[in-house]
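Here the protein sequences come in this chain order: A and B. Using the numbering used here, the letters of the first sequence correspond one by one to residues 1 to 569. Using the numbering used here, the letters of the second sequence correspond one by one to residues 570 to 858.
I should point out that these hints are in silico values taken from the structure, not numbers from a laboratory. These numbers come from a predicted model, not from an experiment. Be a bit skeptical, because a hint or two may be false.
[Stated by the list, open to error] Per label pair, the in silico range of CB-to-CB distance:
1. B:575 x A:556: 35 to 45 Å
2. A:216 x B:696: 29 to 39 Å
3. A:475 x B:575: 25 to 35 Å
4. B:626 x A:247: 11 to 21 Å
5. A:542 x B:843: 21 to 31 Å
6. A:310 x B:636: 36 to 46 Å
7. A:475 x B:696: 54 to 64 Å
[Said to hold, decoys possible] Just a few of them, taken from the derived set where beta-carbon distance is under 8 Å, the chain B residues facing chain A:
8. 585
9. 614
10. 617
11. 620
12. 635
13. 637
14. 640
15. 641
16. 645
17. 647
18. 649
19. 651
20. 656
21. 664
22. 667
23. 669
[Stated by the list, open to error] Over 12 Å on every C-beta distance to chain A, these chain B residues come out as not near it, computed from the model:
24. 572
25. 590
26. 621
27. 650
28. 670
29. 681
30. 726
31. 729
32. 741
33. 774
34. 803
35. 815
36. 830
37. 836
38. 840
39. 853
Even glycine gets a Cβ: it sits at the ideal position worked out from N, Cα and C.
As a plain string of letters, each chain reads:
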Amino acid sequence: MGGLALARMETRRQGRRIDPRGMAVVLTLGLALGALFVLSPGLAPDPDQGLYSVKATPGSPLRPAAEQDGRFRVLDDDGLGLDGADLLLRNRSVRYDDGSERSLAALEAYDQALRRWLDKRLLQEADQAAAFPLEITVVYESRDMVAGGGPEPSPTPDPTGPAPTGTGGPGPTPGPTEDLVDAVDPAGEVRRGLRPDDLDPPFPIRSLLLTFAYVLPASLLVQLHASDLHAERIRRRGVLLLAAPLRPAQVLGGKSLPGLVLAGLLAVVVTLALGAGPLGFLASLSFIAFLYAGITLLAVLARSPRELTLLQVAMTTLLNVFLFLPAMFPALPPVAFLSPVHVIASSMRGDPVGLGPFLYATLPLTLSAFALGALAVGFTREEIMFSVRGMVDRLLDALEAVARGRWRTFLAGLLVVPFVFAAELTVLVLSAVLGLQVALVLFLPMSVLVEEVAKGLPVWARARRPLASRAPPWLVGVLVGTGFFVAEKGALVLTLVGFRDLPYGPQALALLGTGPGLALLMAPLLVHVLTSVAMAVGATRGRLGAWAGFGLAVAAHFAYDRILLGVAF
Amino acid sequence: MLQATGLHKAYGATEAVRGIAVEVAPGRIVGLVGNNGAGKTTSIKMFCGLVEPTSGTVRVLGGDPLRAPVRKDIGYLPEDSPLYEDLTPVGYLEHFGALYGMRRNDIAARATELLHRLRLDAEYWKVPIGRLSKGSARKVALARALLHDPAVVVLDEPSSGLDPATQRVLDRFLLELRDQGKAILLSAHDLEQVERVCDEVLVMHRGRIVLSGTLAELRGRAGSTRYRLRATVAFEGSAPDGPDHVGHVEDWPAAEACIQEVRAADGRLLDLQAESPHLADVLMAVSED
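Please work from the sequences and hints to get the whole structure.
This is how it looks when you write it as structure tokens:
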């Protein structure tokens, strides 16, 4: 209630600071542009418009599919072959350049366009039973592996032939598993079974633009919010809010809510303008929430406006890189779906996104946003917010303030995991520059260090409680270790379930149902709990004890990983 | 009403407050004095629920001020006046009144009453606070602390920035609040104000309360009343001062002896003054220990 009152007052206060005439002009322009995009879908920005050039013979049955897809610029076949074009449609064959990634990507796009065009035509048939004589139910079953590690080819229904199973009746055709056209390479050799899905488009311009369309307005808003919040700190006005009958979460929530709602509304407008659908909107919320929580934390953390600006720029840049880079690899779903932007792009294309990949893409950022927000609440205390002490001390004090009680200690162990993944990914990327061998050698000890430091933070924070009100160290260790384990293995299971075509994925998932598989899954629980307990016990014995506990935890974890690798390989 | 026992606060190895006990009963004004770094502000922040004690307890009307609802009964004025410069005094009070759960009409009525009583001219009520003088801004801050009619009032240097006339207004206002049954804790470097309004004084030094009691009790502990005599003739310990002789004695029997001596010498006692120790002397004595 108090938080809402603060939000209301903040809205009014901020509203008074805005120049009404300027705001009216901006709003009118924004609304006019939005209405234009919504009412005229053709005017909506489409970065892929005319992306590929296609030559086609005028009478070719393949030509209409290209003509009706905006991605293709269709030119008449001039008899000179490809000659600069990405595809050549001649009668019932498609010619492409297998040495050009652009041409391969055009082939993939054309394959999709052709499927859509055929489906559309069939749906226009008066006799739908004739158009869709079969309804095929596909049941996935486990298959035996053939020598060489690849899956044994399964019989594929031929769309032109009789159906192997199924019931009659109208309905849309299921996605065929073979190309509908013969692909002819420049040497004239006919290739079948080409998988255009394996190809990357020439440049993920759509993902890039999407990232900025969502992040830019949110960044501007969040900067206004951050500077206002920072002013509460450096002008000490926040003291009076903390002295009011409001909890720190209400103070921070009340200050942040108006901007957060506005950012959400902006995301709705962007979603409508881009046609990204509800799924795209939900995906965008994950990184908007992350941005808001992160910048809010920086605003209460920074010691000066200059430091705040520096931290803000660093964070926004890192977030953009995180959103943009994975989306560059649409052919590798486990990589592409690291970024929620890929969900938005898929949603815009009309590609289905399963619950697993959606959660995989959005949950880490959402959990990180929650963790950053909780930490910001931890900082929103007079003696931490206005303290002149060092950053580490303030960070541990803030963690101590939010990780009180058993449930919160468990949650703290859980919420450090997304940051661990991000740090480990960074280590992997940076060390990959030195070569794969070196990267693999470096990754193991570095990941152990990252994980132990992450678990150590809530453990060390809890040890700052006065002795009388301190929980037993073994309990703190058990809670933090268990929380960490739950998040780490939850992410693993989510990945295996969400991306069934991962190399060894189905096997790993099947293994989890067996005794040894469960043992392999549960063994890390023991490791994480024991190492956390070691750190918690050490932390109660002064600085030297804390270092000793940390050293012991790192050594034990490293030894476990080494043994595990020895068994596996 | 405000009660603290065994209150202790440490920042790492630094002990800011070392086990103090404070009680401010309804209808009393208690002064908290001490040199810079004595631990007054840290103690006040613990009383208001802004800082968590390392050990010990604070109770406001029986509740722990670390819990948000309990802070509704506290009116806190910090040493500096952190205000929203873009808001007018009325807008600022509306802002905070809403945070304390007050209704709009009540806020308006109470704000009008307080701004009148603190003598902030009505012409400034709708002017952005950033354009007000330091004293006027302080009056707005004071009005905010008292807006929600709290049972416990904690004021840190309330007269800072106020002119002498407004200081007197504030004194009268504090005495009225006391008579209404408010428990008031007043921390001030302005010891004259403390002497004017406080019923009881706590002297803090290096995180501890080293002296407490009524003003008379504190003065008594700081030393007895001294006497200054001026006479037409010399007496023991006197020195010539123009045509007269002036001398100081430490107690009344010594003063009586001097008077007898002047009479015996056919002299005339021109002036006799009793000099009681001031609170400043008490503080000086404490800091010299």
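So, going through the hints one by one against the coordinates:
1. Taking 35 to 45 Å as the suggested C-beta distance range, the pair residue 575 (chain B) and residue 556 (chain A) conforms, at roughly 42 Å.
2. For residue 216 (chain A) paired with residue 696 (chain B), a C-beta distance near 38 Å keeps the hint of 29 to 39 Å intact.
3. For the pair residue 475 (chain A) and residue 575 (chain B), the supplied restraint of 25 to 35 Å holds, since their beta-carbon distance comes to about 27 Å.
4. Between residue 626 (chain B) and residue 247 (chain A) the CB atoms are about 20 Å apart, so this pair conforms to the stated range of 11 to 21 Å.
5. Between residue 542 (chain A) and residue 843 (chain B) the C-beta distance comes to about 59 Å, which lies outside the given range of 21 to 31 Å.
6. Separated by about 37 Å at the C-beta atoms, residue 310 (chain A) and residue 636 (chain B) satisfy the suggested range of 36 to 46 Å.
7. Look at residue 475 (chain A) against residue 696 (chain B): about 58 Å separates their beta carbons, and that is inside 54 to 64 Å.
8. With its C-beta approaching chain A no nearer than about 10 Å, residue 585 (chain B) sits outside the 8 Å limit, and its interface hint is violated.
9. Against a cut-off of 8 Å between C-beta atoms, the interface hint on residue 614 (chain B) holds, since the closest Cβ of chain A lies about 6 Å away.
10. Contact between residue 617 (chain B) and chain A, as hinted, is supported at the beta carbon level, the nearest pair being about 5 Å apart and thus within 8 Å.
11. A least Cβ separation of about 5 Å between residue 620 (chain B) and chain A falls short of the 8 Å threshold, and the interface hint therefore holds.
12. A hinted interface residue such as residue 635 (chain B) counts as satisfied when its beta carbon comes closer than 8 Å to some beta carbon of chain A; here the least separation is about 10 Å, so the hint is violated.
13. A least Cβ separation of about 5 Å between residue 637 (chain B) and chain A falls short of the 8 Å threshold, and the interface hint therefore holds.
14. The beta carbon of residue 640 (chain B) is positioned within 8 Å of a beta carbon in chain A (closest approach about 5 Å), and the interface hint is therefore held.
15. At its closest, the beta carbon of residue 641 (chain B) sits 4 Å from a beta carbon of chain A; the interface hint therefore holds under the 8 Å criterion.
16. For residue 645 (chain B), the interface hint holds, since its Cβ comes within 8 Å of a Cβ in chain A; the closest pair sits about 5 Å apart.
17. For residue 647 (chain B), the shortest C-beta to C-beta distance to chain A is roughly 6 Å, which falls under 8 Å, so the interface hint holds.
18. This hint holds: residue 649 (chain B) has a C-beta 6 Å from the nearest C-beta of chain A, less than the 8 Å allowed.
19. The criterion of a C-beta within 8 Å of any C-beta in chain A is met by residue 651 (chain B), whose closest approach is roughly 4 Å, and the hint holds.
20. Checking residue 656 (chain B) against chain A by beta carbon gives a least distance of about 7 Å; that is within 8 Å, so the hint holds.
21. The interface hint given for residue 664 (chain B) is met, as the beta carbon of that residue sits about 5 Å from the closest beta carbon of chain A, less than 8 Å.
22. Hint status for residue 667 (chain B): holds, given a least beta-carbon distance of 5 Å to chain A, under 8 Å.
23. Given the 8 Å rule on beta carbons, the hint for residue 669 (chain B) holds: about 6 Å separates it from the nearest Cβ of chain A.
24. At roughly 19 Å, the least C-beta separation between residue 572 (chain B) and chain A is larger than 12 Å, which holds for a residue marked as non-interface.
25. Distance check for residue 590 (chain B) against chain A: the nearest CB is about 19 Å away, which clears 12 Å, and the non-interface claim stands.
26. At roughly 7 Å from the closest C-beta of chain A, the C-beta of residue 621 (chain B) falls inside 12 Å, breaking its exclusion from the interface.
27. With 12 Å as the threshold on Cβ separation, the claim that residue 650 (chain B) sits away from chain A is violated: the shortest Cβ distance comes to roughly 10 Å.
28. Not every C-beta of chain A lies more than 12 Å from that of residue 670 (chain B), the closest at about 7 Å, which undercuts listing it as non-interface.
29. With a cut of 12 Å on Cβ distances, residue 681 (chain B) stays outside the contact zone with chain A, its closest approach being about 19 Å.
30. At roughly 14 Å from the closest C-beta of chain A, the C-beta of residue 726 (chain B) stays outside 12 Å, upholding its exclusion from the interface.
31. The beta carbon of residue 729 (chain B) sits about 15 Å from the closest Cβ of chain A, which is more than 12 Å, so the claim that it is off the interface holds.
32. The Cβ of residue 741 (chain B) sits about 25 Å from the closest Cβ of chain A, beyond the 12 Å cut-off, so the non-interface label holds.
33. With a closest Cβ-Cβ approach of about 22 Å to chain A, residue 774 (chain B) is found to remain outside the 12 Å limit, as its non-interface label requires.
34. Distance check for residue 803 (chain B) against chain A: the nearest CB is about 61 Å away, which clears 12 Å, and the non-interface claim stands.
35. The beta carbon of residue 815 (chain B) is kept farther than 12 Å from every beta carbon of chain A, the shortest such distance being approximately 52 Å.
36. With a closest Cβ-Cβ approach of about 62 Å to chain A, residue 830 (chain B) is found to remain outside the 12 Å limit, as its non-interface label requires.
37. The Cβ of residue 836 (chain B) lies farther than 12 Å from every Cβ of chain A, with a closest approach of about 63 Å, so its non-interface assignment holds.
38. Here residue 840 (chain B) stays apart from chain A, with its beta-carbon at least about 52 Å from theirs, past the 12 Å limit.
39. Separation of residue 853 (chain B) from chain A is adequate, the least Cβ-Cβ distance of about 30 Å exceeding the 12 Å criterion.
Of the hints listed earlier, those the structure fails to meet are numbers 5, 8, 12, 26, 27, 28, in rising order.
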